Amino acid sequence: MLGSRNPYGRALVHVVVTVALLVVIAPFIWMVLGSFKGEGEIRRVPPTWWPEAASLDNYTQLFARLDFGTYFTNSVIVALVVTAGNLLFCSMLGYALALLRFPGKRALLAVVLGTLMIPGVVTFVPLFVIVANAGLIDSLPGLFLPFLVTPFGVFLMRQFISGLPPDLLDAGRVDGAGELGIFARIILPLCGPALATLGILTFLGSWNNFLWPLVVAQTESHYTLPVALALYSTGQNNTQYGLLLAGACVVVLPLLVVFLIFQRHFVEGIATTGIK
Amino acid sequence: MKKIATALAVLALVLTGCGRPADNPSAAPQASSTIAAGPATGELTVWAMGAEGENLPNLLKDFEAANPDVKVTVTAIPWSAAHDKFTTAITAQKTPDLAMIGTTWMGEFAGLGALDPTPSSIDKNAFFPGAWGTTEVNGTSYGIPWYVETRLVYYRTDLAEKAGITTPPTDWDGLKAMAKAMQDKAGAKWGINLQPGGTGSWQTVMPFAWSNGAQLNNGDAWTFDTPQMSEAVKYYQSFFTEGISNKAPAANETAEPSFVDGSQPMFISGPWMMSAVEKVGGKGFADKYSVMAMPTRQTSASFVGGSNFGVFKNSQNKDAAWKLVQWLAQPEVQVKWYQLSTDLPSVSSAWQDPALASDTKLATFGTQLQTAVAPPSFATWEQVAARFDAEIEKVTKTGADVDASLKTVQSEAQSIGTGS
Amino acid sequence: MSTPTLAAPVGQRPTLSPEVRARSGRGHPGEGRAAWILAIPFTVLFAAFTVWPVVQSLFMSFTDTRQRDLRTPFSVNFIGVDNYVRALTDPVFVKAAANTAYFVLVGVPLTLAVALLAAVALDKGITRLRSVYRLGFYTPVITSIVAVAVVWRFILQPESGLLNTVLGWFGVQGPNWLGDPAWSMPSLIMMAVWRNFGTGMIIFLAGLQSVPYSLQEAAAIDGANGWQRFWNITFPLLRPTLLFVSVTTAVGYLQFFEEPFVMTSGGPLNSTISLSMYTYNQFGYGNYGLAAAMSYLIFVVIAVVTALQFRLLRENT
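Going line by line, the protein sequences match chains R, U and V.
Plus 4 on top of the position in the first sequence (first one is 1) and you've got the numbering used here.
Plus 40 on top of the position in the second sequence (first one is 1) and you've got the numbering used here.
Plus 6 on top of the position in the third sequence (first one is 1) and you've got the numbering used here.
No lab work stands behind these hints, which were simulated from the structure alone.
These numbers were taken from a predicted model, which means no experiment stands behind them.
A few of these clues could be false.
PhoX-like cross-link-like pairs, simulated, lysine-lysine; straight-line CA separation at most 25 Å [said to hold, decoys possible]:
1. U:Lys216 <-> U:Lys401
2. U:Lys220 <-> U:Lys401
3. U:Lys134 <-> U:Lys353
4. V:Lys101 <-> U:Lys434
5. U:Lys287 <-> V:Lys130
6. U:Lys220 <-> U:Lys202
7. V:Lys101 <-> U:Lys447
8. V:Lys130 <-> U:Lys437
Whenever a hint applies, use it, and build me the whole structure from the sequences.
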């Protein structure tokens with residue numbers, strides 16, 4: 005660190021930040037601990053911290069009733085396809101919007117940014133009618149097709165690629181690579197960090213998506229994990245908090261894993277997305 | 041410039057093509073069919089929410105056994121956002137053959153032309169009249185009540201004894217006196233836990249209004265600003281102004297914790313709360329509380345809710361669908377469903393079964409169901425109810441003038457209309 | 007359009023203004039064709055799934071469409087800007103707009119400040135186990151809102167909730183957080199800041215880590231202290247990052263829906279109802295034309311606020 009920071013100052017910072025960390029994850033910890041408690045204890049006021057009689061009951065009940073394999077697979081497939089689609093298609097258009105010259109470019113960019121700002125609720129039902137008329141209801145394609153490209157992803161990739169030196173294109177052209185070849189072989193390999201960033205954000209969004217899968221799936225075999233978990237924990241007049249908390253822990257676990265694996269690239273990625 | 045002119049021309053053409061056709065009087069009650077004889081055949085898709093959706097396949101095994109040529113597939117859907125799922129499915133014409141439908145959704149779905157009228161083969165007198173009323177939209181019934189619930193006053197028997205109450209009150213003054221006594225003599229912070237307005241509060245307020253002879257509508261007109269309604273709302277308000285009920289509870293608070301620890305030893309709710317309070321209260325708590333009917337004014341009326349079962353117009357197998365519905369209404373099947381799910385039967389004769397008659401608390405629910413009422417099945421009910429809830433919130437939390445508030449509700453309700 | 011600002015990221019990279027890129031004045035042969043090939047997937051999917059819903063909903067906003075009309079979209083009456091006028095004169099809509107403005111004006115700066123603070127603390131203060139802190143601070147972002155709501159409801163309980171208990175240790179009588187109309191919005195803002203600062207923090211962290219060490223060193227040699235270094239060197243270089251986080255946070259907060267929907271249902275006394283939630287309710291009642299008009303009003307607000315932010319936070323090199 006620059007300058008001489010006295011060790012007491014550093015210790016103080018450590019203490020403050022650690023306390024802040026504990027405050028921030030306290031609700032999360034309570035959620036995890038709560039998943040091991042009985043229904044009565046969870047609802048009790050004043051709330052307890054450590055479970056009085058910790059048990060795996062909520063989890064065993066959940067897994068017994070939940071066809072976990074099917075829902076988990078559906079969630080994974082949809083999230084992976086959506087992420088892959090976005091990584092590829094958003095970088096394609098992002099590159100074009102960043103570095104290429106072509107007629108209609110400004111209009112296209114305006115369209116992308118404009119779509120970003122339209123509230124999703126207003127296009128929800130018309131979109132469903134379109135998907136229904138296309139015969140995609142109750143199918144996995146119906147779950148992922150409308151989300152294969154998002155304006156946010158295009159925006160992000162465009163930012164990053166704008167930051168790359170344009171001489172790369174010239175070099176590529178001189179070497180005789182076609183325009184698309186330049187994209188595939190020169191630009192794309194340099195996009196690693198940005199792709200990791202986009203990948204995590206897209207995966208997160210798709211994984212936690214609830215309303216669209218609920219409405220598109222007609223049979224339980226096409227439910228994703230959040231839909232299935234809501235099925236078992238929310239009732240007409242009451243909520244099963246134990247199952248709800250256990251379900252929330254189950255859903256968040258893969259996200260934590262994905263984040264841990266990719267966070268190194270993730271942090272580097274934002275650094276070089278040209279938004280710094 | 042040319043592009044803009046063309047665009048505007050196209051737009052003008054499109055707009056001139058718009059317009060509603062002359063209103064066809066489809067509001068007349070529709071003729072209903074009869075169910076053909078013989079077993080059900082073919083395939084059926086059924087949607088059901090939550091725990092009912094999970095349990096239904098078990099019940100339907102018997103139906104499939106009695107009708108070997110039929111195959112029923114149940115899809116369970118979560119309660120949260122279930123309404124959205126139905127409305128989008130109806131819009132896109134992707135509905136199942138039949139489904140469990142919330143009682144307050146009937147008006148909306150029938151108004152969208154999505155439901156099939158109930159065949160005359162199904163006898164409406166088998167059901168509780170209030171429950172049957174939830175299936176009727178514009179004089180035609182669509183579906184049957186499947187299971188019901190109603191609201192009673194829960195109270196702590198041990199604390200009531202402490203407060204000197206030995207017999208449960210049967211009128212409005214008695215109820216208030218009991219709540220006050222709970223505060224004065226049994227150490228309760230609030231005598232009775234009443235919802236001070238907000239979403240769904242009408243389900244607690246309207247029972248008092250109905251008990252006083254108030255009605256929500258007269259034909260096609262809303263009737264919120266009647267003297268009977270005003271009297272009832274003033275009574276409700278008095279609990280808050282006299283400090284018997286909490287004006288400012290934390291949002292979305294549940295009733296069990298304070299019921300169990302005695303700070304709010306009375307509340308009004310439905311049968312599902314029995315297992316909820318017993319879970320929090322632990323062993324032996326079942327002996328420490330009881331339920332009583334809504335106090336009588338002109339009558340003792342309560343709110344009847346639950347779920348109905350309806351068949352969709354688009355179904356390709358209406359015959360089998362109605363046969364399934366008819367089967368669900370048989371008293372033995374209703375009792376079996378109660379045993380599987382603890383949902384209360386909508387068929388009155390089913391209540392004579394020992395499984396239900398032997399439980400005193402349940403029997404009280406059964407008695408109340410005979411005089412329980414539901415709001416009219418207008419498509420606009422949810423929107424009007426939200427306005428009513430908002431005014432009740434002002435009346436209870438800020439002490440707003442009841443008559444002025446009811447006038448506001450009335451004018452807003454009239455402008456929203458009944459959607460018919 | 008303020009896009010040129012975005013096209014020119016700050017840093018030690020060559021700027022890419024359109025003039026510079028027009029090296030040969032016309033673009034290379036095949037460039038246009040390649041660009042449109044690259045644009046095909048987006049354009050196809052956009053045309054299939056976005057254009058019609060936007061056009062249809064925009065059209066609906068000028069008619070008296072109700073839910074039952076969705077199957078016969080043209081059998082409706084054209085009523086011009088009636089829906090828009092109705093929305094703007096609806097007292098609940100106006101209240102929702104005020105609530106949303108409150109939420110954004112307080113929530114966005116607060117979220118940015120906490121995110122920046124956390125990023126600076128992690129960047130400069132913590133060396134070991136930094137990834138643990140990073141993950142910990144990011145956890146609220148990935149947890150499901152329903153579970154979060156359950157937990158926060160317990161935290162904010164007036165009598166025995168965690169927050170009021172802790173305040174009690176300092177002798178402060180905590181208010182009825184979710185039940186008092188004056189404190190309900192601050193409660194939701196608190197919850198939103200907690201939930202969202204992690205994203206901003208991660209982005210700021212990266213931005214901080216790319217500030218060249220050499221610059222800091224030179225300044226230190228020149229005698230600048232920590233605060234001066236931060237304010238004069240780091241902060242200006244962070245400006246584009248600040249813009250990105252500010253814009254994305256504002257766009258998100260202007261549409262805030264989940265927090266009031268799950269925690270307070272818009273109450274008490276409409277103190278937490280948001281524009282998005284009120285619009286969602288209108289869709290639920292089947293008032294499609296009106297709800298579409300409300301949605302597009304929200305869109306206009308988002309566009310204006312975004313443009314404002316670009317103006318305010320733009321790089322002035």
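Practice task
State the violated hints by number, sorted upward, taking the hints as numbered earlier in the document.
Solution key: 5, 8
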